[in-house]
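Top line first, the protein sequences correspond to chains Y, A and R. Per numbering that gives the first Met the number 0, the very first residue in the first sequence carries number 0; after that it's consecutive. Per numbering that gives the first Met the number 0, the very first residue in the second sequence carries number 0; after that it's consecutive. Per numbering that gives the first Met the number 0, the very first residue in the third sequence carries number 0; after that it's consecutive.
FYI, nobody ran anything at the bench for these hints, they're computed from the structure. No experiment lies behind these values; they were computed from the predicted model shown. C-beta atoms are modelled at their ideal positions from N, C-alpha and C, and glycine is treated no differently. Please note that the accuracy of each hint is not assured.
Examples of chain R residues toward chain A, derived with CB under 7 Å [said to hold, decoys possible]:
#1 L29
#2 L118
#3 M126
#4 V127
#5 M132
#6 L134
#7 A140
#8 L153
#9 F154
#10 V292
#11 I295
Now for the letters of each chain:
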Amino acid sequence: MKKLILVSLSAALAATCATAAFAAGHTKTGVSIGLQLEPPHLDPTAGAAGAIDDVTYANVFEGLTRINQNGEVLPALATSWDISEDGLTYVFDLAEGVTFHDGTSFDAEDAKFSLERILAEDSENAQKALYAAIESVEATNATTLTVTLDKPDGKLLFSLGWGDAVMVAPESADDNKANPVGTGPFKFAEWTKGSSLTLEKNAEYWSDDVALESATFRFISDPAAAFNAMMSGDLDAFPNFPAPENIIQFEADPRFEVVIGSTEGETILSTNNAKPPFDNVKVRQAMAHAINRQSIIDGAMFGYGTPIGTHFAPHHPAYKDLTGAYEYDVEKARALLAEAGFPDGFEATIKLPPPAYARRGGEIIAGDLRKIGIDLQIIPVEWNVWLPEVFKAKDYDLTIVSHTEPLDIGIYARDDYYFQFDNDEFDALIEQVNAEADPDKANELYAQAQQILSDNAVNGFLFQLAKHGVWNKDLEGMWENAPIQGVDLTGVSWAQ
Amino acid sequence: MPSSTRAYGRLARVADLVTHWEGTPEASFWRRAAGNRNVLLGATITLMVLGLGTLSFVWTPHDILDQNIPNRLKPPVFLGGEWGHILGTDQLGRDLLSMVMVGARASIGVAVVALVIGMGIGVPLGCAAAASGRWVSEPIMRLSDFIFAFPSLLLALLLTAAFGFNVWNAMLAIGIFNIPVFARISYGAALAIWQREFVMAARAAGKGSVRISAEHIIPNIANLLIVQGTIQFSLGIIIEAGLSYVGVGTQPPMSSWGRMLAESQTLVSLAPHLALVPGFAIVVTVLGLNLLGDGLRDLLDPRVARTQRTG
Amino acid sequence: MITYVLRRLGFALATLVFASILIFAVTEILPGDAAQISLGVNATDETLAAKRRDLGLDRSAHERYTSWMTGFVTGDLGRSYTYDVPVTELIGGRIWISLPLALLSLALSTAIAIPVGVLAASRRGSMVDSGIMGLTQLGIAIPNFWLALMLVVLFALTWRILPAGGFPGWDEGFWPAFRALILPSVALALPQASILARVMRSSLIETMGEDYMRTARAKGLPQRAVLWRHGVRNALIPVVTIMGLQFAFLIAGTIIIENIFYIPGLGSLVFNAIRQSDLITVQSVVLMLVASVIFINLLVDIAYAIVDPRIRTARARG
Numbered sequence: 000m001k002k003l004i005l006v007s008l009s010a011a012l013a014a015t016c017a018t019a020a021f022a023a024g025h026t027k028t029g030v031s032i033g034l035q036l037e038p039p040h041l042d043p044t045a046g047a048a049g050a051i052d053d054v055t056y057a058n059v060f061e062g063l064t065r066i067n068q069n070g071e072v073l074p075a076l077a078t079s080w081d082i083s084e085d086g087l088t089y090v091f092d093l094a095e096g097v098t099f100h101d102g103t104s105f106d107a108e109d110a111k112f113s114l115e116r117i118l119a120e121d122s123e124n125a126q127k128a129l130y131a132a133i134e135s136v137e138a139t140n141a142t143t144l145t146v147t148l149d150k151p152d153g154k155l156l157f158s159l160g161w162g163d164a165v166m167v168a169p170e171s172a173d174d175n176k177a178n179p180v181g182t183g184p185f186k187f188a189e190w191t192k193g194s195s196l197t198l199e200k201n202a203e204y205w206s207d208d209v210a211l212e213s214a215t216f217r218f219i220s221d222p223a224a225a226f227n228a229m230m231s232g233d234l235d236a237f238p239n240f241p242a243p244e245n246i247i248q249f250e251a252d253p254r255f256e257v258v259i260g261s262t263e264g265e266t267i268l269s270t271n272n273a274k275p276p277f278d279n280v281k282v283r284q285a286m287a288h289a290i291n292r293q294s295i296i297d298g299a300m301f302g303y304g305t306p307i308g309t310h311f312a313p314h315h316p317a318y319k320d321l322t323g324a325y326e327y328d329v330e331k332a333r334a335l336l337a338e339a340g341f342p343d344g345f346e347a348t349i350k351l352p353p354p355a356y357a358r359r360g361g362e363i364i365a366g367d368l369r370k371i372g373i374d375l376q377i378i379p380v381e382w383n384v385w386l387p388e389v390f391k392a393k394d395y396d397l398t399i400v401s402h403t404e405p406l407d408i409g410i411y412a413r414d415d416y417y418f419q420f421d422n423d424e425f426d427a428l429i430e431q432v433n434a435e436a437d438p439d440k441a442n443e444l445y446a447q448a449q450q451i452l453s454d455n456a457v458n459g460f461l462f463q464l465a466k467h468g469v470w471n472k473d474l475e476g477m478w479e480n481a482p483i484q485g486v487d488l489t490g491v492s493w494a495q
Numbered sequence: 000m001p002s003s004t005r006a007y008g009r010l011a012r013v014a015d016l017v018t019h020w021e022g023t024p025e026a027s028f029w030r031r032a033a034g035n036r037n038v039l040l041g042a043t044i045t046l047m048v049l050g051l052g053t054l055s056f057v058w059t060p061h062d063i064l065d066q067n068i069p070n071r072l073k074p075p076v077f078l079g080g081e082w083g084h085i086l087g088t089d090q091l092g093r094d095l096l097s098m099v100m101v102g103a104r105a106s107i108g109v110a111v112v113a114l115v116i117g118m119g120i121g122v123p124l125g126c127a128a129a130a131s132g133r134w135v136s137e138p139i140m141r142l143s144d145f146i147f148a149f150p151s152l153l154l155a156l157l158l159t160a161a162f163g164f165n166v167w168n169a170m171l172a173i174g175i176f177n178i179p180v181f182a183r184i185s186y187g188a189a190l191a192i193w194q195r196e197f198v199m200a201a202r203a204a205g206k207g208s209v210r211i212s213a214e215h216i217i218p219n220i221a222n223l224l225i226v227q228g229t230i231q232f233s234l235g236i237i238i239e240a241g242l243s244y245v246g247v248g249t250q251p252p253m254s255s256w257g258r259m260l261a262e263s264q265t266l267v268s269l270a271p272h273l274a275l276v277p278g279f280a281i282v283v284t285v286l287g288l289n290l291l292g293d294g295l296r297d298l299l300d301p302r303v304a305r306t307q308r309t310g
Numbered sequence: 000m001i002t003y004v005l006r007r008l009g010f011a012l013a014t015l016v017f018a019s020i021l022i023f024a025v026t027e028i029l030p031g032d033a034a035q036i037s038l039g040v041n042a043t044d045e046t047l048a049a050k051r052r053d054l055g056l057d058r059s060a061h062e063r064y065t066s067w068m069t070g071f072v073t074g075d076l077g078r079s080y081t082y083d084v085p086v087t088e089l090i091g092g093r094i095w096i097s098l099p100l101a102l103l104s105l106a107l108s109t110a111i112a113i114p115v116g117v118l119a120a121s122r123r124g125s126m127v128d129s130g131i132m133g134l135t136q137l138g139i140a141i142p143n144f145w146l147a148l149m150l151v152v153l154f155a156l157t158w159r160i161l162p163a164g165g166f167p168g169w170d171e172g173f174w175p176a177f178r179a180l181i182l183p184s185v186a187l188a189l190p191q192a193s194i195l196a197r198v199m200r201s202s203l204i205e206t207m208g209e210d211y212m213r214t215a216r217a218k219g220l221p222q223r224a225v226l227w228r229h230g231v232r233n234a235l236i237p238v239v240t241i242m243g244l245q246f247a248f249l250i251a252g253t254i255i256i257e258n259i260f261y262i263p264g265l266g267s268l269v270f271n272a273i274r275q276s277d278l279i280t281v282q283s284v285v286l287m288l289v290a291s292v293i294f295i296n297l298l299v300d301i302a303y304a305i306v307d308p309r310i311r312t313a314r315a316r317g
């Protein structure tokens, strides 16, 4: 690739400025972090926006358990737990001497309140379904919490580690949207809407102290502006940089550390399986053969992303590599399309939400499908249109979305889900796996489920979204991977 | 926004002409125009851009639907690229020259349709207002004031958000913004013409308002409308570029200059030609149209001739 | 004069009411559901309904319009669907960014345009004049967002002497906040300055041709004094008119520029509110921007009438 003309022209000038900036950087105790989306409010238990978790997860709020950057469940406010033989009773031992930011203490009653608030009739919790197995919650004593389920749930400890299940206090819960009060190592300080949000160190934190004195999140939705903000030194870190095309420039710049990690985002060409001609498996298989996965990864994501052949994260032990199931073969695709009764192809629409993976990927897929006679009309939509139109009303042919929730293959069992995929064998498998306590057996069932999705070419399985982390090379402890939504600052510090 | 201000600023310039309007000047006007340096340069540029856009319907160096990802971000010839892609390639490996040619179509197309909407509705409104009494002219002029109170980009944003992001809604939004411009210009100029003797004579001969407007008024304000037209044309191109830049105008796989610029945003320091080429296309086209419009306007202004004599 | 002002005021108010109805109607058509956006994909129908009740979305359009209008008069614009804070608070926080940005670009464009226009007019026909006219022609043709892109590449990324965007807030001190506004205001100002310089030039040329100017020269006043004391002062009237009109548009013109520089002003507020179906915010901000245009128009009309009494009758016709 050609040398960066403009940049090299003035390398000397830049170097002088850069040195000056870094001399000051070493005494830093604060950090300035770029996020693409701004949270609408700050209560992670009452909203779906991932940006709420980015700011508050592990920083302001803590749950009974927590997830680390490798997706493992660790103790948090619950220091240990016992699970009964039948998998129906969980007894949690809670940490002692924990206080909320407003000074009130945290005990089992608060935990009971927090969980019951999720399950309540009028709960605004976006992940209510994750905790549906919980039948009752009892505060046995101040530091013991007993949770009873009505059916076994192998994922409960993981689900309790989500931002949606953090512990809140009855006194302050209703105000958490504007003024979040949690037990975490950082306190909420200030929020300039549309611009930035500042957290300050919590001096009374119950567990190990954090290194940072403060953290400022800055909300920059435009990828070009994000690039500019990093390059000009306004930001110390962008945990998930939105424009993969710029990664090569960050890598070439000695000021930055670039860490490509994994996410739980399966990026797929969602297909309306109930709508002709997409209800014909041959049509879907033809499309699978016509799509050049690698060229989408190269073209839309500039090479960052792992090809997938099914709806499963490649870094998960149960992942089954099915990327070879439909090799890129235009002739075969045409033949299948002809078999399906469309020798000359057909016209359809593709609705594309704002992220670059969708808008650019859609353009490339439209180019791929044109080669077999499928003429796609591209309809760009904002999320506020995508949600009601595509997701709710299922008024679409094709769309491209990254499904970022961990281990979410179960959505294919939901017949009312927007893919409208209806397969009894698959539904039975998912029911079985949900009740399966043995991880090896569960993984075997997951593999079978993946095979069914691949055989039916339910959706166009494109790639696993990569996490493009970019930060100042002196900043240590940022998460490499994104097993759940969040920017955990508890282990972050500046190199001495 | 500057583009609308430009309309206002320029509207003031042309409107200012209107108060002195004496009808279509002598037949030598177009001959004089052909000898004017600005008009000549402006017309040449405009014709070239129109020519390239038209040519793109039948021929482009490469097919713009032809994606070739391994061959992406190739620099143009003047930055050391190869002759196969004179202006280089974009992030999907498409030929940039072909993209610019096809982009001319969208940019010009939007501006032209918007112009047709603006003139088609604005001129009859303005003429009707001039031909009738206060009860007609007041509401029409107030309506045009009203549309003017909406900044064009804001109006376009709202309309496209309400009815869908596509090039048709962009055309409509820019077209609506053009209506009051033409309504005002034609009203002012037509009022002046109505005072002229030959119109009075026509009225005395029993011709109706509609017929007089069509036979005498419009031909006499046509030059003025052409001048304003070139200005609105260039404005249309800038607004279209702005709309496509924020993603609510032209949509893929169609290309437009604004869209190309929008896509170049994150790539500008990696491949500067992606921003330079479409930016240059916009600047040159708008420059050409403005030179043409200003040149014609000056030729139409009797006072310019006067100050040239006396100054 | 008083009747003229009153009549203009009446028109302005009527326009405002009409605009509010139109804006309300358009926002009614805007797709999207604020409750759904807030609660996400997994929300159940009951929680959605509860949220809608909460936001007041279950009331009839007529009721919502009336409460919006009453609120506009009493200063209570309701609560943002997205942020759940009063809309007035959102606007209040941002107007002190957008307004200074607009003022700065206005000042900048004036500071460039007037001397340049005067220079061109006083050396009419010379190389300097043609050079300036050529440059201003180019300036008008450059889209401000493209200019912004180029300015960022040069000043922020290559030379790193100015921030690439963002706004630290006025409480961080004047200088950091001011620095953040430099590139955006230059991007907004240069095309404006080009227009103003041309208006200044032609206006001055015209003024210089007037009889009283000739008299002044005949009295033996020095050339420079004639030019500045009599010429420029009189030639400024149309320039100020155009400036007044530009100012209202500048506030709105920041929509794209604020997004490029991620400045949290009114422009980026309305842009994001449209995307998030925060209709209650969209309505009020758009109406405010439209109201500012109407207000400036009113001022210009009245100022005109004071300067030139003939207009009172003439402009009433068009």
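Please flag the earlier hints that this structure goes against, numbers listed from lowest up. Of the numbered hints given earlier, those the structure breaks are 2, 3, 4, 5, 6, 8, 9 and 11, listed in rising order.
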